[in-house]
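S.K.: As given, the protein sequences belong to chains E and D, one line each in that order.
Residues 2 to 411, numbered by my numbering, are exactly what the first sequence covers, in order.
Residues 29 to 332, numbered by my numbering, are exactly what the second sequence covers, in order.
Please note that a few of the clues may not be correct.
What the hints assert, rightly or not - Label-pair distances were calculated between CB atoms; the ranges are:
1. D:64 x E:41: 54 to 62 Å
2. D:150 x E:275: 31 to 39 Å
3. E:258 x D:193: 44 to 52 Å
4. D:201 x E:282: 54 to 62 Å
5. D:227 x E:397: 52 to 60 Å
6. D:198 x E:82: 53 to 61 Å
7. E:290 x D:201: 41 to 49 Å
8. E:187 x D:214: 35 to 43 Å
9. E:340 x D:203: 34 to 42 Å
10. D:186 x E:275: 39 to 47 Å
11. E:396 x D:116: 50 to 58 Å
12. E:341 x D:136: 35 to 43 Å
Stated by the list, open to error - Sample of chain D residues facing chain E (criterion: CB under 8 Å; computed from the structure):
13. 54
14. 75
15. 84
16. 86
17. 166
18. 198
19. 202
Calculated directly from the structure, the hints in this document are not laboratory data.
Yeah, the Cβ is synthetic: ideal placement off N, Cα and C, and Gly gets one too.
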Amino acid sequence: MADATDSSDPVDALLATVDDGDVAFDGLRLEPVADGDDGRFALETPTLDRSTFGRSELRDVLETVEEYVTNWYYWQGDVGGEGTARRAFLRWCERAPVVGEAVTAPSAETTLEANRTARETANGTAPETTAEADQSLQVPQRQDALRDGIDREWGQLCITARFVDVDEPDGVRVYDLWHVDDADSDVADLEVYDDPRTAREIATTDEDGRYRPLKTAPTLPSGWAFTGLSGDELVETVGSVYPATIANWHRERLGELDVDHWLETAERQTGIYDVVDELPRDAVEWMADACCVDSQCLRRREWEYEEGDELDVDGGDGPFPCREPCSLVVAAARKWAILESETERTYELELTTSEFNQLGELIDAVAEGRTDEIREADLGDGANRYRARYLRAKRFDDDGLEARKRPEEY
Amino acid sequence: MQALVVAAHGSHLNPDASDPTYAHADAIRETGAFDEVREAFWKEEPHFREVIRTLESEEVFVVPLFISEGYFTEQVIPRELRLEGWDPEQWDSDGTSATEVTLSVGDANKTVHYCGPVGTHDAMTDVIVGRAERVTEDPDVGEGFGLAVVGHGTERNENSAKAIEYHTDRIRERDRFDEVQALFMDEEPEVDDVTDFFESEDVVVVPLFVADGYHTQEDIPEDMGLTDDFRLGWDVPAAVDGHRIWYAGAVGTEDLMADVVLERAADAGAELGDAIEIVRAGAGGSVTEPADVDGTAGTTKTGD
Ligand code: SF4
C-alpha cells in the first residue's frame, strides 16, 4: 500500500509521497527536480504542460488538477494491491486502462502494469486489446462518467462504479451490483443488501429454488441489489457469485492463463474418476456441446481436447475463461465414459411418423429445459405432458419402450 | 498477509452439504485473525484447483475439513492444489497424527502450510463431547450415559476407523461416561446393533462426519431402528430395545468445529491473536440443531 494512506488529505498525501520519489499515475506526473535547496517539482498532466513549481506554489497548482490527485489517492491509497487481480478488476469496472490493454496515452498507469502492457502489446499476446482499449477512459472522461455511474457486465451481473460524492467528488468510489435482468428496475422494487456473504445464498438456488451446482450456469435468480459496496466488498461479492473468475480473467489478460486441456485433466483423475480418460474423442465433443456452451455455462471454454487438437464446439463469448473441465463436467464424463463402453445395437419398434418425430421433440424439450413452459392443453407440442403420457400408454410394456433387439450376429 | 483455506468435499446434489464449511469459515472470518478466509471444495466452487490463485496473501494455511487421513487428504487435495514435492510420508503419521507440511504450489508464488484433517486433531474429542451435551441439553452429561462414536469403518479407508477409535479411547480415559464405544457402518461392531453394546439405558450416538447427508440422516437412523422411514423423522431420544437413544447427527455441524480448524492452523504456525478464545466463547450452538429433525432434511446420496 502506498504512503497515501498516511494522510487523509489527497494533496498532503501526494506531497508526502513525491518527497520519496517520482509519481506517475493515470496521466499525472510529479517529480522532484534537483534545482536549489528548497526543492522544486515538475508537474505534468495531459491538460497541463510540464512546468516546475516551488513547494509553496505546488499546493495551489495541485488544487487545479484535483481530479488527477484524488484519482491517484483512490487507487494508490484506498485500493492499493499493485499487480493484483482485485485492482485490475476494479479498474476494468470503470474502464480505466488495465493490465493487458494497449493504452493510447503514454502517461497512463506506468510502473509494472504499463511495462507489462507494453511487453504484451509488442508480443501481440495480450487478449482483446484493441476493442477494449478503444473504450478505456482517461481521468477527465472518467471523472464525468463516474458521476453518472459506469456500468459493466460480468456474466449475469451488472456492476456500476460511481463516486460517493457526486457534487464534489473526492475520488472515493462505491459499487452497486445487480442482475442484468434488473438493470432497468427501480431499486425500490429489489431486495437491497450490503453484506457480501448474502450473495452466497442468492447464488445457491435458481429462480425455482433448485440447487445450482455450477455457479456459472446462466440461472442466477434476479430481484436483488447490493448498493454502496467498497472495492474489496465488490470483489468478494463477485467472488461468491462466480468464484475464481476474476483471478483467471486477470491471468488471461497477463497472457498467463494456465489452461489444462481435457486429456491432461482426465488423466490426472483417480478413484471413481479414473475411467474418464477412456471417454472417446467424439464423446468429449458432445460433452462440451451438452455442458459448456453459453446457454449452459457463462465461462468461456478455453480448454480443448488436447494441445493442438481443438474441439469444434464453440467455447462461448463470456468475459471470463474456463481453464480446465470443472468438477461437474468430470463427474458427468464419468457417467458418459461408462455409458459409452456399451456396444451399439439395432432395435426394431413400431411407431407412426408423428410418433417418431415426437421422440425428437421430447428430447429437444428436455435438453432445452423447456418442459415447464409447455402449456397444459398445448396438444400440438410433442413434449406436452398428455402427449407423452399417451405415447407411454400406447407404446410401453412393463419394461419400457416396446421394441425387439435384433440378434447380435446381425 | 496470511490466508486460511478450509478445504471440504461439498456436493453437486445437496446444497446443505457445505453449510458447516461456510458456517465455520464465517466464524473464523469474524475473528479477523486471517487477512483472507476462503472455502474450497472438491464438488463445489471455488474448486481446490483454483482457490490458491484467488488469494493475495503469501502465506496460506490449508485445513482439510475431513474426518480422517486417507484418499482425500493424501491424494486428491495435494494433487489438486498442486502441492510441489508432496508425499504422504512427509506427515510422518501413524494414521491419526498428521500435523503440517510446508510446501510451495505450482500455480502461484506462495507458501502453503498443508495441515492434517480436523477429524484427527485432539480438540475434536471436545467437540464430540460438546455434541453429546447439546443433544441431551445437559452440560454435565456423562453419569448414567453411554456414548457411541460412529464412523464409516475400514471399507473405504483404514484410517477412518483409527480416527474413531482414537477419540473413543480419549473419551473413555476421561471417565466421564459410564461406557464409550466405537461403532461402524460397514464393519463390526456395527451401529445397527447399538443397543447390544450398552448396558446404560441412555445412549448418546455421535456420528463422526463433517456434514449431515445420506449416511447421517438416512442410513444410520434407519439402521439403528430410530425410525422405519427417515422421511418421517425420529424422536430424540428415541426408544429402541429398552434403551433411549439420543442421536446427535453429524458432529461437524457443531460450532466448536471452527475451534478445531483454528487449532490446526495454529499448530502450523498461523498467528491467531485471541481468535481461539473468541471462537470458543461464541460457540454456543450448531449449524443444525441435533433435535431439529422433522424428516425434511434434503439429503441425497452422493456416493463420491
Ligand atoms: S467445464 Fe464447461 S461447464 Fe464446467 S465451468 Fe468450464 S465451460 Fe463451464
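S.K.: Now, for every hint given, state plainly whether the structure supports it.
M.R.: Now for the hints, and whether the structure bears them out:
{"no.": "1", "hint": "D:64 x E:41: 54 to 62 Å", "verdict": "43 Å, violated"}
{"no.": "2", "hint": "D:150 x E:275: 31 to 39 Å", "verdict": "35 Å, holds"}
{"no.": "3", "hint": "E:258 x D:193: 44 to 52 Å", "verdict": "47 Å, holds"}
{"no.": "4", "hint": "D:201 x E:282: 54 to 62 Å", "verdict": "59 Å, holds"}
{"no.": "5", "hint": "D:227 x E:397: 52 to 60 Å", "verdict": "56 Å, holds"}
{"no.": "6", "hint": "D:198 x E:82: 53 to 61 Å", "verdict": "45 Å, violated"}
{"no.": "7", "hint": "E:290 x D:201: 41 to 49 Å", "verdict": "59 Å, violated"}
{"no.": "8", "hint": "E:187 x D:214: 35 to 43 Å", "verdict": "57 Å, violated"}
{"no.": "9", "hint": "E:340 x D:203: 34 to 42 Å", "verdict": "56 Å, violated"}
{"no.": "10", "hint": "D:186 x E:275: 39 to 47 Å", "verdict": "20 Å, violated"}
{"no.": "11", "hint": "E:396 x D:116: 50 to 58 Å", "verdict": "56 Å, holds"}
{"no.": "12", "hint": "E:341 x D:136: 35 to 43 Å", "verdict": "36 Å, holds"}
{"no.": "13", "hint": "54", "verdict": "7 Å, holds"}
{"no.": "14", "hint": "75", "verdict": "6 Å, holds"}
{"no.": "15", "hint": "84", "verdict": "6 Å, holds"}
{"no.": "16", "hint": "86", "verdict": "12 Å, violated"}
{"no.": "17", "hint": "166", "verdict": "33 Å, violated"}
{"no.": "18", "hint": "198", "verdict": "31 Å, violated"}
{"no.": "19", "hint": "202", "verdict": "37 Å, violated"}
The structure is inconsistent with the numbered hints 1, 6, 7, 8, 9, 10, 16, 17, 18, 19, although it conforms to all the rest.
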